[in-house]
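Construct the complete structure from the given sequences, taking the supplied hints into account.
The C-terminal position of the sequence shown is numbered 410 in our numbering, with every residue numbered one higher than the one before it.
Rather than coming from a laboratory, the hints here were simulated on the basis of the structure.
The C-beta atom is built at its ideal place from N, Cα and C for all residues, glycine as well.
Be aware that one or more of the hints could be misleading.
What the hints assert, rightly or not - With a straight-line Cα cutoff of 25 Å, these simulated PhoX-like cross-link-like pairs (lysine-lysine) come out: (1) Lys233 / Lys300; (2) Lys330 / Lys233; (3) Lys379 / Lys330.
To be verified - Distance ranges between label pairs, derived from CB positions: (4) Glu375 / Asp339: 31 to 39 Å; (5) Ala292 / Pro397: 17 to 25 Å; (6) Ile240 / Asp374: 34 to 42 Å; (7) Asp339 / Asn245: 16 to 24 Å; (8) Met350 / Lys233: 16 to 24 Å; (9) Glu266 / Glu375: 21 to 29 Å.
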Amino acid sequence: MYLITIEGGDGSGKGIATKMLEEILIEEFPNFPIWITSEPRRDHPLGQLAVESVRTGEAGPVREASLFAADRLDHSHAWIIPRLKKGMIVISERNVHSSLVYQGIVGEIGLEDIAKLNSAACIPDLCIWVDCDPEMALRRITHGTLREATMDKQEYFETDELQAKIRAGYASLLSGELPMPEPFNRGSVVGPILNE
Numbered sequence: 215m216y217l218i219t220i221e222g223g224d225g226s227g228k229g230i231a232t233k234m235l236e237e238i239l240i241e242e243f244p245n246f247p248i249w250i251t252s253e254p255r256r257d258h259p260l261g262q263l264a265v266e267s268v269r270t271g272e273a274g275p276v277r278e279a280s281l282f283a284a285d286r287l288d289h290s291h292a293w294i295i296p297r298l299k300k301g302m303i304v305i306s307e308r309n310v311h312s313s314l315v316y317q318g319i320v321g322e323i324g325l326e327d328i329a330k331l332n333s334a335a336c337i338p339d340l341c342i343w344v345d346c347d348p349e350m351a352l353r354r355i356t357h358g359t360l361r362e363a364t365m366d367k368q369e370y371f372e373t374d375e376l377q378a379k380i381r382a383g384y385a386s387l388l389s390g391e392l393p394m395p396e397p398f399n400r401g402s403v404v405g406p407i408l409n410e
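Spelled out as structure tokens, the structure:
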């Protein structure tokens, strides 16, 4: 059926947006089953490797990108595509746009190289971009319920400087200022939806 992704910087409100979208779709389309997922998959060995790669920043953007792509390709072919073929709506908190921004733009690998690395993954039909001021997002991460729920999750991206670069990267890519690379230019983007 459809792959919808929720994108945005750390602490921007992607989890809340995912739950809200699920509730709306259940109400509006009660006959279509909905499956919620996220990337990286914290309950899968490939996803766990990807998560570990961003804990300290020592892995570097190329290794990070490769591990996230490996998790995404397996996720696409083993989990997402079978559900889409069954007529399900799949909502993913994060997907390829995260790699395009975090490793492609912020990590300076380049959009084309990240797109090539992920070219066999599912192409999102719709990307919903949740935007948030980086200072507020970091407060949510470090002092709010988000950190309480993920005490072991801290990543090197969680600094003012990097969150500002991530926000600017999403703004450049998802607003159309930078061209979305093939094949991921086939989907639509909605946003920014400002979460203050």
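Here is what the structure says about each hint:
1. Lys233 / Lys300: holds, 22 Å
2. Lys330 / Lys233: violated, 31 Å
3. Lys379 / Lys330: holds, 23 Å
4. Glu375 / Asp339: 31 to 39 Å: holds, 33 Å
5. Ala292 / Pro397: 17 to 25 Å: About 20 Å separates the Cβ atoms of Ala292 and Pro397, which means 17 to 25 Å holds.
6. Ile240 / Asp374: 34 to 42 Å: Between Ile240 and Asp374, where Cβ atoms are some 37 Å apart, the hint holds.
7. Asp339 / Asn245: 16 to 24 Å: holds, 18 Å
8. Met350 / Lys233: 16 to 24 Å: At roughly 19 Å between Cβ atoms, Lys233 and Met350 fall inside 16 to 24 Å, so the hint holds.
9. Glu266 / Glu375: 21 to 29 Å: About 22 Å separates the Cβ atoms of Glu266 and Glu375, which means 21 to 29 Å holds.
Hint violations for this structure: number 2 only, all remaining hints satisfied.
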